[in-house]
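Asks: Assemble chain B onto chain A, guided by the hints.
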Amino acid sequence: MTHPWHQPKPRPKSIAAWPILAAVALGLWSPAHAADTSTPPQAGAAVLSVTFKGLKTLSGAILASLTASPAAYDGKAPPAGQATAAVTGETVTITFSGLKPGLYAIKAFHDLNGDGQLNTNPFGMPTEPYAFSNNARGMMGPAPWSAAAFEVKAGPNGQTIDID
Amino acid sequence: MNRRSLIARISALAAGALLPPEISQAAGQLAIGAALGVDWGLAFADLDADLAPQTLKRMSGKSPDGLNGALYRNGPAKFRRPGGNVGHWFDGDGLVRAFRLSGGEATLAARFVDTAKRRVDTAANAVVTPGFGTAARPGARVGHNDDTNAANINVVPVGGELWALWEAGSPIALDPSTLATKGVRTLRSDLAHMPFLAHPRLEPNGDIWSLGVMADKAVIWRVGRDGALVSADTVDLPAASYVHDFSATTRHLILVLQPLIADRPTLPYIDGFTWRPKEPTRILVLDKADLTERRIYELPAFFAFHFGDAWADKDGTIRFDACVSDNPLFATRNGREVIKGEWTPLPPPLLTLISLSPDGRAKIERTDVPAEFPRSDPALAGWPRGLTIHATGDGKGPLFHGLATYAWRTGKTDTFDFGPAHLVEEAVFVARQDGRGELDGWLVAPSVNLAAKATELHVFDAGHLADGPLCTWRADTALPVSLHGAFVAA
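As given, the protein sequences belong to chains A and B, one line each in that order. Just so it is clear: in the first sequence, position 6 is -5 by the working numbering, and no numbers are missing. Counting the second sequence from 1 gives a position; the working numbering is that position plus 12.
Just chain A, same shape as in the assembly:
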């Protein structure tokens, strides 16, 4: 095949995320689903206190999404709750209240520059720290629901997540 020097210029297009080597699929955070998460207190309701620790960069905020089903975890259904907490120290705590007891999983990232987005490099890999409940880790994408899910019982519950 021969081509003259002036070939048609490639049309600009966005770079698709191709998870070759530890590329983590997007969808950790879905602002479209951000919603009022408060639920009226009711008998038997649970409270979940999530502590993020190991924060190295004291800027921006932790954005956390609490999900109550694999579909919500995969961004295909609304989350049970979402919260933002400014990072001013090495630990940040976020509390979700009025939860129904059951299985939950958390996806979170440290929004270092405070733009409300999980920033990615041109190949689709996150450039900001992220984490999952149970400190679960993914290999070619987000940690699976099965690894991140934990039980929330009636009354107070705790979950500690290392991030950064």
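Simulated from the structure, these hints should not be mistaken for lab results. Errors might be hidden in some of the hints.
To be verified - DEER-style ranges, computed between Cβ atoms: (1) A:T80 / B:R70: 53 to 61 Å; (2) A:G130 / B:D325: 43 to 51 Å; (3) A:A74 / B:D202: 35 to 43 Å; (4) B:T356 / A:A75: 20 to 28 Å; (5) A:S135 / B:K69: 53 to 61 Å.
As the list claims (entries may be wrong) - Calculated Cβ distances over 10 Å to all of chain A for the following chain B residues: (6) A324; (7) D380; (8) A433.
Don't be surprised by glycine CBs; every beta carbon is placed ideally from N, CA and C.
Replies: Same frame as chain A, but now just chain B:
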């Protein structure tokens, strides 16, 4: 088949009388090795700790006046841990060596790059981190590419630092005097964890160009000699090829896209590629000044890890040298085998000239000269030249036993064969201070002396390799063979 069982079989079968030719060949190679009491496995053995600076013993000759500076080299050096080993030579932890030459004396020091991968694997007491040819094990911590960065292919001087380079993650900066790791170099915050090839092209007194490739996308890095990013642009590639190296003239970047194609994202990384020999090797030429200006050439399928610097003739024809194989079996098979002490005989890559005409025609001319690790005078990078410096060998065993230069105009070779007791590493050219002409200077190259079980350093007159080394020094220990590096004159 491991070497011990192979040797046992050979004894039982009276030196291979009933063996297929390739096994007989391997048996012959092993018999030579056995007769000399050498074991090439030493070149792929584990180094368990950094090597404190030591003065090397001068074995023969005299260091040439005016040869002062440091040869920095990088290569994998820790492969095996109690809970599991690497699956491929290319996944060992990067060890940066400094051979320092001053006043006729030589010293050697070596230090592992302090990567996230090495820390996790050390804590797990197992190679848990996935890589080029290694699967993940439980306990791997992989959030992004730099968590798998072995920093083990090349080391180049940039802005008063050394950059240890891998190919699918960021450069990692080291202190040149202590070899201590300073940290991952993120060239711009939005480009964190992007791949950066281990074979940058350095314009003489100009900028550093590199690539980062993922599937059919590439980022084109342009970095100043001070280490500051000049630009980073993404381009579409005509094929999702495995890319280890590229080439460049003063004006153009040349991306060789061989038909080892990424078609399924998986780990180990190389398992996500398929060799499609019926597809062409495509060569994408980009204008450095305007990356949207492109030409694509096609040649029949070939595989190469390494290319030399390219140049353009007066009529605009681009030429560059390559070390070309018919297939990627070293990457996909033999690179795994060497870690287990095995080797399947493989025809060595051949020194090859590739020419790309302005009218769109491409030509590939293979010599019959076995060659790897092509180098030339860095002062001529991008400019016309007539010679290639390379390692040479027969492919019967791993790696190479000789160093050579090849003159493209005459086809003349100048070779020094160290013999089967040495595995010789890549040679770099060091120009004489007032040198004139392409080979007016020295070649500096280490070898692993398998018989003496020691790393050696050799200096040759680059124009007279066949005369043998001008000077040879020996360490009191053997480091595993290294891959690539650079000389920094004092």
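Asks: Is it true that the C-beta distance of G130 of chain A to D325 of chain B lies inside 43 to 51 Å, as the hint says?
Replies: Holds - the Cβ-Cβ distance for G130 of chain A and D325 of chain B, about 48 Å, lies within 43 to 51 Å.
Asks: Please verify that the nearest CB of chain A lies beyond 10 Å from A324 of chain B's CB.
Replies: holds (13 Å)
Asks: Has the hinted range 53 to 61 Å been met by the Cβ atoms of S135 of chain A and K69 of chain B?
Replies: holds (59 Å)
Asks: Cβ-Cβ distance between A74 of chain A and D202 of chain B: within 35 to 43 Å?
Replies: violated (24 Å)
Asks: Lying within 20 to 28 Å: is that true of the beta-carbon distance T356 of chain B to A75 of chain A?
Replies: About 59 Å separates the Cβ atoms of T356 of chain B and A75 of chain A, which means 20 to 28 Å is violated.
Asks: Range hint 53 to 61 Å: satisfied by the CB atoms of T80 of chain A and R70 of chain B?
Replies: holds (59 Å)
Asks: Classify the label on D380 of chain B as holds or violated, using whether its beta-carbon is more than 10 Å from each beta-carbon of chain A.
Replies: Its Cβ never comes within 10 Å of chain A, the nearest being 29 Å, so this holds.
Asks: Against chain A, does A433 of chain B hold up as non-interface, every C-beta pair farther apart than 10 Å?
Replies: Label holds. Min Cβ-Cβ 38 Å, cutoff 10 Å.
The structure shown violates the earlier hints numbered 3, 4.
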